[in-house]
Amino acid sequence: MEFAGFDRPRPSGGTLTATALKILVAGGFGVGKTTMVGTISEIRPLHTEELLSDRGVDVDDLSGIERKVATTVALDFGRITIRQDLWLYLFGTPGQDRFWFMWDELALGALGAVVLADTRRLADCFPAVDYFEQLKLPFVVAVNCFDGARRHDPGKVRRAVGLDEVTPVIMCDARNRSSVKDVLTTLVTHAMEVR
Amino acid sequence: MIEDDPGPLIRLYGLTGGRARPQGEAFDLVAIVVTVHLPQEPSVLNPEHHHILHICRKPTPVADVAAGLGLPLNVTRVLLGDLRREGYVSITPPKPANQSIDERTYRDVLHGIRRL
Numbered sequence: 000m001e002f003a004g005f006d007r008p009r010p011s012g013g014t015l016t017a018t019a020l021k022i023l024v025a026g027g028f029g030v031g032k033t034t035m036v037g038t039i040s041e042i043r044p045l046h047t048e049e050l051l052s053d054r055g056v057d058v059d060d061l062s063g064i065e066r067k068v069a070t071t072v073a074l075d076f077g078r079i080t081i082r083q084d085l086w087l088y089l090f091g092t093p094g095q096d097r098f099w100f101m102w103d104e105l106a107l108g109a110l111g112a113v114v115l116a117d118t119r120r121l122a123d124c125f126p127a128v129d130y131f132e133q134l135k136l137p138f139v140v141a142v143n144c145f146d147g148a149r150r151h152d153p154g155k156v157r158r159a160v161g162l163d164e165v166t167p168v169i170m171c172d173a174r175n176r177s178s179v180k181d182v183l184t185t186l187v188t189h190a191m192e193v194r
Numbered sequence: 000m001i002e003d004d005p006g007p008l009i010r011l012y013g014l015t016g017g018r019a020r021p022q023g024e025a026f027d028l029v030a031i032v033v034t035v036h037l038p039q040e041p042s043v044l045n046p047e048h049h050h051i052l053h054i055c056r057k058p059t060p061v062a063d064v065a066a067g068l069g070l071p072l073n074v075t076r077v078l079l080g081d082l083r084r085e086g087y088v089s090i091t092p093p094k095p096a097n098q099s100i101d102e103r104t105y106r107d108v109l110h111g112i113r114r115l
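Line by line, the protein sequences give chains L and D. Letter 44 of the first sequence, counting from 1, is numbered 43 in numbering that gives the first Met the number 0, and no numbers are missing. Letter 86 of the second sequence, counting from 1, is numbered 85 in numbering that gives the first Met the number 0, and no numbers are missing.
If we strip away everything but chain L, and leave its shape as in the complex, we get (with noise of 0.2 angstroms):
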């Protein structure tokens, strides 16, 4: 059967060139991951979810999971086109410190990650940052500036979370496109030079 508009494999090599790369949101519950990824995204943020059985890991069985508390974890992801065969997801990692086995696969091969801070709860992304700064992973530390929170000078928010002197620490409002593009931007200058 034919139909119209269907990309075959290319014959010379035999592979697909399309390549999708992954940009990582981490950081604290409520911090503004989703609003980040569905600022800068080109379609409005896609949802998934993920069915995990109540140890908070994968399940391999389904037998008897009626006996068992099943839940899901919901994964937001936007996309920005860069070119017909290039694309750029962004993926907000699950915000729960028992959905870290789901952040390993989502680390893996990504071009980076966005580490958002909220300064009234900064210890909420430590975590993530251990996490990154472990996998060599290179990131930036945006720290969303929400209404009423206090502007503090990235110095601080540097040595209070202990980063080294090349992650970049960046202001940021997670609500407006054009910060949002600043915080990317910094991610890929950042990961460019430290590759």
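Only some residues are given here: those of chain D computed to face chain L with a beta carbon under 10 angstroms:
hint: 1; residue: Ala-25
hint: 2; residue: Val-29
hint: 3; residue: Pro-60
hint: 4; residue: Ala-65
hint: 5; residue: Thr-91
hint: 6; residue: Ile-100
hint: 7; residue: Val-108
hint: 8; residue: Arg-113
hint: 9; residue: Leu-115
Just so you know, these hints were derived from the structure itself, not from any lab. Beta carbons: idealized from backbone N, C-alpha and C, even for Gly.
Based on the hints, put chain D in the right spot on chain L.
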């Protein structure tokens, strides 16, 4: 977001015959799926399989397939695994960042973000 009611999910797994894992090699959220072959006898596949084959006429990342179907990732992956086993789709894993992201790609990404 967490929901305690597993009912709809259990029904969803009816689509996969109770399987929670796809057959064969695991694939990433941004692995690229493309339809390479269409079944001669449409009846062997369920409507979700056909929906995937339709979506993936153009190369489509796994995450977009799941969102397009409105199904959980696990379920989507099982269905994709079926289609791969039968030779209807190819699934190309992403390369490691240090191989897939060259200088030009970084510059294109920067340019793409700036022009938004």
